[in-house]
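Engineer: Sequence:
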Amino acid sequence: MSKLALVTGATSGIGRAFAERLAADGYDLVLVGRREERLTEFAAAHPGVTVRGVTADLATDEGIDAVAGICASEPLDLLVNNAGVAHYMPLDELPAAKARELVTVKVLAPTLITRAAVAGMRQRERGAIINVAGMIAFSGPAPHSQLPRRAVYAGSLAHLVAMSQTLSAELEGTGVQVEVLCPGVVATEFHERQGLDMSVVPRMTAEDVVTAGLRGLELGEVVCAPGVEDAALLDAVFRADLAAFGGQSTELATRYQAG
Numbered sequence: 081m082s083k084l085a086l087v088t089g090a091t092s093g094i095g096r097a098f099a100e101r102l103a104a105d106g107y108d109l110v111l112v113g114r115r116e117e118r119l120t121e122f123a124a125a126h127p128g129v130t131v132r133g134v135t136a137d138l139a140t141d142e143g144i145d146a147v148a149g150i151c152a153s154e155p156l157d158l159l160v161n162n163a164g165v166a167h168y169m170p171l172d173e174l175p176a177a178k179a180r181e182l183v184t185v186k187v188l189a190p191t192l193i194t195r196a197a198v199a200g201m202r203q204r205e206r207g208a209i210i211n212v213a214g215m216i217a218f219s220g221p222a223p224h225s226q227l228p229r230r231a232v233y234a235g236s237l238a239h240l241v242a243m244s245q246t247l248s249a250e251l252e253g254t255g256v257q258v259e260v261l262c263p264g265v266v267a268t269e270f271h272e273r274q275g276l277d278m279s280v281v282p283r284m285t286a287e288d289v290v291t292a293g294l295r296g297l298e299l300g301e302v303v304c305a306p307g308v309e310d311a312a313l314l315d316a317v318f319r320a321d322l323a324a325f326g327g328q329s330t331e332l333a334t335r336y337q338a339g
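Basically the numbering used here = 1-based index in the sequence shown + 80.
For the record, the hints were derived by calculation from the structure and aren't laboratory data. Among the hints, erroneous ones may be present.
With a straight-line Cα cutoff of 25 Å, these simulated DMTMM-like cross-link-like pairs (lysine to aspartate or glutamate) come out [unchecked claim]:
| hint | residue 1 | residue 2 |
| --- | --- | --- |
| 1 | K83 | D157 |
| 2 | K83 | E116 |
| 3 | K178 | E116 |
| 4 | K83 | D288 |
| 5 | K83 | E205 |
| 6 | K178 | D145 |
| 7 | K83 | E121 |
| 8 | K178 | D141 |
| 9 | K83 | E298 |
| 10 | K83 | E287 |
| 11 | K83 | D105 |
| 12 | K83 | D145 |
| 13 | K178 | E142 |
| 14 | K83 | E154 |
| 15 | K83 | E252 |
| 16 | K83 | E301 |
| 17 | K83 | D108 |
| 18 | K83 | E100 |
| 19 | K178 | D137 |
Note that the coordinates shown come from a computational prediction; the quantities given were computed from them, not determined experimentally.
Can you make the complete structure from the sequences, with help from the hints?
Structural biologist: Right, here's the structure in full:
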C-alpha cells in the first residue's frame, strides 16, 4: 500500500526537492502551490505515482481552509509544511500587507494545517509532520552589525521551532512524529524573488536539506539542523532554555528590586 504525503510550497526549492524525493520513494503526493502550471508539469513527469495538484494561496483564509480540509479527510502519512515568502526587512520598513502575508504563510497556515492533520494521524497511530523553518530562528540575540534585521521573518521561524518542540511532547507515545527542519542558506529561487543576489554565497542544495530532514525523522530528531555538525550546540541551547524556564519563581528577581 502506497504512503501518502502532502507538501506545501511544492513548486520550487525545498518543497520541489521533497516532492521529487518522496515520488522516488513511492509516495503518492498531494502537492500544494500557487503555480498551477508547475503542479501540472510535475504530475506529467511522474506517471509512476499518483500526484494531485492543489492550487492554493496560503496567504489567504480560503487557501488555508482548502488544504486543512484535505489534511483532515485524507490518510496522510507525512505532512511537509514548507510554503514561505521571503520578506527580509526591518519591521519599520516592512509594509503591513507583507507582514500580514508572512505571518499568515509561516505561522497561521502551518498551525491550522498541522491541527487538521494531527487528529487523523493520532487515530491511525502513525504519521510524521515536518515544519520547514530555518537557522534564522536562532538569530535573535545577534548584534545589529552581524546581520540585516528581519524581526518578523525570524519571529515566524522561531514560532515553528517552539510549536514543533511542544507539539512533539504533546504527541509522545502516539506514533506521530514532529520535526522542525532548520536549514541555513539554501540554493533556491527563494532569495531571487526577494531581489537578492546570493550567487557568491556558499549555499546548501535543497536536495541535501531534504536528505537531512528525512534522516532526522529516522533518528528521532525534533530539531533538525542540516548544516550544524556539532549537535551538542543545539542540545546546549535547549538545556539553557529549560534552565531559564525552570529558574523562575514568584519572587521578584533581585536585580529589579529597588536599591
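Engineer: Each hint: holds or not?
Structural biologist: For each hint, the structure was consulted:
no., hint, result
1, K83 x D157, "holds (6 Å)"
2, K83 x E116, "holds (24 Å)"
3, K178 x E116, "holds (23 Å)"
4, K83 x D288, "holds (22 Å)"
5, K83 x E205, "holds (14 Å)"
6, K178 x D145, "holds (20 Å)"
7, K83 x E121, "holds (22 Å)"
8, K178 x D141, "holds (15 Å)"
9, K83 x E298, "holds (16 Å)"
10, K83 x E287, "holds (20 Å)"
11, K83 x D105, "holds (9 Å)"
12, K83 x D145, "holds (23 Å)"
13, K178 x E142, "holds (18 Å)"
14, K83 x E154, "holds (11 Å)"
15, K83 x E252, "holds (22 Å)"
16, K83 x E301, "holds (21 Å)"
17, K83 x D108, "holds (6 Å)"
18, K83 x E100, "holds (15 Å)"
19, K178 x D137, "holds (14 Å)"
No hint from the list above goes unmet by this structure.
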